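Trainee: Assemble the dimeric complex from its two separately framed chains, guided by the hints.
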Amino acid sequence: MKSLNLLISFAKYALSFVIAIGLWEAYARFGGLNELFLPRPSKIGAKLYNMFFETGMIYWHFYVTMAQMAIGFTYGIIIGNTLAVLAAFNESFRRYIAPYAVVFNVTPGIAVLPLIIAWFGFGWESKIALATLVCFFPPFINTLTGLLKKDDAAVELFQTLGASKYQFFWKQQLPNALPEIFAGLKLAITTALLGTIVAQFGSATEGVGILMQRFAFSLDMAGSFASLVTMALMGLMVFTIAEVMDRRIVFWRDAKGLERVSKKRSKKIA
Amino acid sequence: MSYSTTDQAKHVSVFRTLPVHLAIFAGLILLWEFVNLYGFEDRIQADMIAPRPTHIGLAMIDIFFIDKTVWHHLGSTFQKALLGASIGTVIGMGLAISATLSETFRKYIKPWIILMEATPRIAVGPIFVALLGFGLWSAVALAALVAFFGPFVNTFQGLMEIDEESEEMFRSLGASKFQTFWKLRFASALQLISAGWKLATASAFGGALVSEFIQASEGMGVLIAQYVIMITMDYAFAALLSVTIFGYILFKIMEYMDYHLIFWQNDLLMLKVSEKRRKKMGVSS
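Protein chains in written order, with the working numbering: chain A, 1 to 270; chain B, 1 to 285.
The following block holds chain B by itself, in its conformation from the complex (with noise of 0.2 angstroms):
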């Protein structure tokens, strides 16, 4: 008796399930478009909760191509996004080096950091319009503010799990402090500390979506709002979708990045690497 409950993932090769998987995703379109179609008295009504999949092909090639409205809320969004992301990772990667560096400090900063997450962060919105005004600034502050809980949380998880026979060998070798910080601590803990990147990021979008929601000339958080005003809805989904593809784009982006950034993950890019080190300090394998 077995419980096959769990993973007896037999590795299904991919050219026998993409078939599966876009015939799927064809049926789901086309009951969608169907529903759309005939499931609605009201063709009005049918528009506004279920636009048709075509129409949402139409209204994205609309303003990606041919109006070409996306691309400036586009990078709007991104840079406000992006600037608050790397703010947020400055400022909680330094804040958890600290912290694991100095006990006094990890100990008085621990109140303010459970107060931190347990409010929602993202409420600040309206308070930093009111300070930074209706900009730029307000929006990549808010992004900043809730993106930098990730990076400080898994930074400083990462650093203070540390390997105890690594310490001592490096200790016995005699490794100064600041080496025993780079090499061992921090590399040990990059894997977590780049899901925090990740996290970072997500999260920034989410603050500087919700600060366009607030407030804000352009942005893809504007542009939605307002295709949902005009009761275009088609165009709202189009708008939706390229945030989902291009939020995409930059998390395959930052895999890749992690991919050759941790290289001792992936056992033959560790030998990639370590055969050209070896040949730069010159010696033969």
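The shape of chain A in the complex, shown without the other chains (with noise of 0.2 angstroms):
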């Protein structure tokens, strides 16, 4: 019965989509828009079938921004975190970079690119650059509140049972943090593909933003809106891996997790 109610939703869904792309098409034909405005749906679908299948162009700009893009964004978590733990544990540092925590957050990461393109030329190293720039913020940020985050409670309990500080800091403070640090990951990871991209437009040879920038100056539009969607899809695949990494490992965010967890753990121990 569930299925079939999920089914359901998932066909209206379905339906209102090819409705909107129908209704999208159908004025294109009856010459309501512009072909170098908005070109029609099909021509963006054939464009894609020809960019993935018939010259398979696309996956090797594909794999270039991607690689990019984990890199830049490992950068930027070790960084983040870095800071964010140390800044946790020592007062006085995060008493002085306080200040420079907020100048930093209220200059656009992105206005730096061309000191960044100058700095480290024209190949990967200034996008990952970049990607690490614009992504080190979220995780910092999110890394230190979640780990200034105090449950009392937990705390005295931790206290009476004599648990050492080494014990402390990996059962109740880290786990505590979990949530919010994935939080600032779910943001890092699709801010690395902003940076990523932007670097690209900059300065690049290959990758999914300049091969859009290409298409886009020489007016071919559906070729430039298939980049778009492929890049729509890159953003939905790095969302949903954080997405189901954070389900797995914050596992008792909710109910259903938890009881599933606790039911093997408990197979376990008896």
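Think of the hints as simulated: they come from the structure by calculation, not from any bench. Quick caveat: nothing in here was measured; it's all calculated off a predicted structure. The beta carbon of each residue, even a glycine, is placed where N, CA and C say it ideally should be. Some hints here could point you the wrong way.
As the list claims (entries may be wrong) - In silico lysine-lysine, DSS-like type, Cα no more than 30 angstroms apart, as pairs:
hint, chain 1, residue 1, chain 2, residue 2
1, A, Lys149, B, Lys198
2, B, Lys107, A, Lys12
3, A, Lys186, B, Lys252
4, A, Lys186, A, Lys12
5, A, Lys267, A, Lys256
6, B, Lys276, B, Lys183
7, A, Lys150, B, Lys280
8, B, Lys110, A, Lys12
9, A, Lys256, B, Lys272
10, A, Lys43, B, Lys68
11, A, Lys256, A, Lys12
12, A, Lys149, B, Lys252
13, B, Lys198, A, Lys186
14, A, Lys171, A, Lys43
15, B, Lys252, B, Lys183
16, A, Lys171, A, Lys186
17, B, Lys272, B, Lys183
18, A, Lys256, B, Lys107
19, A, Lys186, B, Lys183
20, B, Lys110, A, Lys150
21, A, Lys171, A, Lys150
22, B, Lys107, A, Lys43
23, A, Lys150, A, Lys256
24, A, Lys186, B, Lys107
Said to hold, decoys possible - A few chain A positions that, by computed beta-carbon distances, are all more than 12 angstroms from chain B:
hint, residue
25, Ser3
26, Glu25
27, Thr82
28, Arg95
29, Phe201
Stated by the list, open to error - For each label pair, taking beta carbons as the anchor points, the in silico distance ranges come out as:
hint, chain 1, residue 1, chain 2, residue 2, range
30, B, Gly94, A, Val18, 22 to 30 angstroms
31, A, Ser262, B, Ser188, 57 to 65 angstroms
32, A, Leu23, B, Phe64, 49 to 57 angstroms
33, B, Asp163, A, Ile241, 34 to 42 angstroms
34, A, Gly31, B, Tyr108, 34 to 42 angstroms
35, A, Phe30, B, Phe134, 54 to 62 angstroms
36, B, Gln157, A, Ala14, 35 to 43 angstroms
37, A, Ala14, B, Phe134, 36 to 44 angstroms
38, A, Phe30, B, Asn266, 34 to 42 angstroms
39, B, Phe64, A, Phe30, 54 to 62 angstroms
Mentor: Okay, structure coming up:
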């Protein structure tokens, strides 16, 4: 019964999607739209098919963009989390970096792009650097708030049970902060993708960003919309990965996950 | 035993911390200056990677007061960003209010919103340039597109979270639908909504700058890129710094507005406002 309901609601979504696309297509067919403005969905679809299955040229750009994003993201979370842990455990460090954090927060990271290109050149390094720069801030702030969040009852419990500092960190503080940490990672992964693509607009020879810019500037709108769809696909992919990881690791957030894991653990113990 | 990790922040007075802050700042700047002077073999390379803070300062004075180039570009970027943020906010809040009022609308808009969230929206930049030309409006459109999401999500979340007891009270006092919406839902959501405005402004700046990198003849994005191409890195840093300064001022203005708009957050301010309102109604306290 439940799966049937799910199927029906999915069918409804799919139907509304098809209707919207159909209206767009029909309107374009009857000449309501300038092809240079908004290409027909069928043309975008054909271009996508061409890019993915006929020539396969998209895969290289796809790989390049994803790899640059992944490297930038990794650096970003390492830097952000390290700073956050330092700030959480050392009050004076926290106090003295606070003004710099504020200044950093109000500067749009993207504005540094020309400087980054001058420093790191036209290759992969500049994309990775921009991705790192724009994505390290959310993990920093989120991890810091997560670690500073204090559950008084839990602290007391750990104290009365005589837990060591080490145990306290691993079993209370870190798990307590994990929901925030993961929210930060989710934000970071999408901003890393954004930073990579913007850096590719600035200067690049490969990547989905430059592909789209080339299509747009040669007024091949179907091509540029097709690359936009590819970017949406990438975004959905990384977002889903982050979401699944979040559900798996922060399993206690919803009741179902909690039940699943505690069943497994009780079996193990018994 | 105590786990002395977190907030045992005794309120250290500003007068004690400020000198230390200043000393650290001065130390960093001095270190930077010395690294530039003695840390590199090659002068050109040194000025390329880390231009001297004194040079950056001089460049700041130049672009602000002597040459006065920066004002025009700052104005252009602010115009694009603020126009974009306002349009984006109106669209985002409109969508959010419709989504809270109608369940069907909410249901059907959801997959599109998820799709929008996952797409790096700034990437639409080149398409907007192709569609709307090289002028102001392609930048405004991009800024609006990236800005609308923050107000949308925040307004939606704020309006959906409703205190049931208050709602019951409104019902028992016979409040109209409009009154319930305006005085209960909207008022209690205002804090999140104004956070959404701040998000919108910040992301609109990002959108405007990216659009200027792709195409433009004026704006801070253009100015920074120009200085970098001419390898006058001290000027590029000065331009970047001016974006930061004015961004900070804007942020502070918004915080100030926030403080007065949501007066019930602060007890003292709330007392003042309620006193004023009482007088207006002619009730003696």
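Trainee: None of the hints should be skipped; say for each whether it holds.
Mentor: Each hint, compared with the structure:
The suggested pairing of A:Lys149 with B:Lys198 holds, with an alpha-carbon distance near 24 angstroms, which does not exceed 30 angstroms. Note on B:Lys107 and A:Lys12: the hinted pairing holds, with a Cα-Cα distance of about 10 angstroms set against a maximum of 30 angstroms. Pair hint A:Lys186 plus B:Lys252 holds up; C-alpha atoms about 28 angstroms apart against a cutoff of 30 angstroms. Taking the CA atoms of A:Lys186 and A:Lys12, the gap is near 29 angstroms; set against the 30 angstroms cutoff, the hint holds.
For the hint pairing A:Lys267 with A:Lys256, the CA-to-CA distance comes to about 17 angstroms; that is within 30 angstroms, so the pair holds. With a C-alpha separation of about 19 angstroms, the suggested pair B:Lys276 and B:Lys183 falls inside the 30 angstroms cut-off, and the hint holds. As the CA atoms of A:Lys150 and B:Lys280 are separated by approximately 44 angstroms, the hinted pair breaks the 30 angstroms bound. A threshold of 30 angstroms between alpha carbons decides the hint, and for B:Lys110 with A:Lys12 the separation of about 12 angstroms falls inside it, so the pair holds.
Distance hint between A:Lys256 and B:Lys272 is unfulfilled; the C-alpha atoms sit about 49 angstroms from each other, more than 30 angstroms. For the hint pairing A:Lys43 with B:Lys68, the CA-to-CA distance comes to about 49 angstroms; that exceeds 30 angstroms, so the pair is violated. As the CA atoms of A:Lys256 and A:Lys12 are separated by approximately 26 angstroms, the hinted pair is consistent with the 30 angstroms bound. Proximity of A:Lys149 to B:Lys252 is assessed by CA-CA distance (about 26 angstroms); at most 30 angstroms being required, the pair is judged to hold.
Note on B:Lys198 and A:Lys186: the hinted pairing holds, with a Cα-Cα distance of about 20 angstroms set against a maximum of 30 angstroms. Straight-line distance between C-alpha atoms of A:Lys171 and A:Lys43 comes to about 55 angstroms, which puts the hinted pair past the 30 angstroms bound. Using a Cα cut-off of 30 angstroms, the hinted pair B:Lys252 and B:Lys183 holds, with the two alpha carbons roughly 27 angstroms apart. In summary, the hint linking A:Lys171 to A:Lys186 is supported, as the alpha carbons are separated by about 23 angstroms, within the 30 angstroms threshold.
Of the pairs offered as hints, the one joining B:Lys272 and B:Lys183 holds, with about 20 angstroms between alpha carbons and a cut-off of 30 angstroms not exceeded. Our distance criterion of 30 angstroms between C-alpha atoms is met by A:Lys256 and B:Lys107, whose separation comes to about 24 angstroms. Annotation: proposed proximity of A:Lys186 to B:Lys183 is violated, straight-line Cα distance about 35 angstroms (limit 30 angstroms). The hinted pair formed by B:Lys110 and A:Lys150 fails the criterion: a straight-line CA distance of about 35 angstroms is larger than 30 angstroms.
Between the alpha carbons of A:Lys171 and A:Lys150 the distance comes to roughly 13 angstroms, so the proposed pair stays at or under 30 angstroms and holds. Using a Cα cut-off of 30 angstroms, the hinted pair B:Lys107 and A:Lys43 holds, with the two alpha carbons roughly 29 angstroms apart. Taken as a hint, the A:Lys150 and A:Lys256 pair is honoured in the structure, with Cα atoms around 25 angstroms apart against an allowance of 30 angstroms. Taken as a hint, the A:Lys186 and B:Lys107 pair is honoured in the structure, with Cα atoms around 24 angstroms apart against an allowance of 30 angstroms.
At roughly 19 angstroms from the closest C-beta of chain B, the C-beta of A:Ser3 stays outside 12 angstroms, upholding its exclusion from the interface. Separation of A:Glu25 from chain B is adequate, the least Cβ-Cβ distance of about 17 angstroms exceeding the 12 angstroms criterion. Even its closest Cβ contact with chain B, about 16 angstroms, leaves A:Thr82 beyond 12 angstroms, as expected for a residue assigned away from the interface. A:Arg95, annotated as away from the interface, has a beta carbon of chain B within 12 angstroms; the closest lies near 7 angstroms.
Remark: the non-interface label on A:Phe201 conflicts with the geometry, its nearest Cβ contact in chain B lying 6 angstroms away (cut-off 12 angstroms). At about 26 angstroms, the beta-carbon gap between B:Gly94 and A:Val18 stays in the expected band of 22 to 30 angstroms. Look at A:Ser262 against B:Ser188: about 36 angstroms separates their beta carbons, and that is not inside 57 to 65 angstroms. A:Leu23 and B:Phe64 have their C-beta atoms about 52 angstroms apart, which keeps the hinted 49 to 57 angstroms range intact.
With their beta carbons about 36 angstroms apart, B:Asp163 and A:Ile241 fall inside the hinted range of 34 to 42 angstroms. Distance hint for A:Gly31 and B:Tyr108: a CB-CB separation of about 28 angstroms, inconsistent with the stated range 34 to 42 angstroms. For the hinted restraint 54 to 62 angstroms between A:Phe30 and B:Phe134, the CB-CB distance of approximately 31 angstroms leaves it violated. Separation of B:Gln157 from A:Ala14 is about 27 angstroms and departs from the stated range, judged on CB atoms against 35 to 43 angstroms.
Checked against the hint of 36 to 44 angstroms, the C-beta distance between A:Ala14 and B:Phe134 comes to roughly 39 angstroms, which is consistent with it. About 58 angstroms separates the C-beta atoms of A:Phe30 and B:Asn266, a value inconsistent with the hinted range of 34 to 42 angstroms. For the pair B:Phe64 and A:Phe30, the supplied restraint of 54 to 62 angstroms holds, since their beta-carbon distance comes to about 56 angstroms.
The structure is inconsistent with the numbered hints 7, 9, 10, 14, 19, 20, 28, 29, 31, 34, 35, 36 and 38, although it conforms to all the rest.
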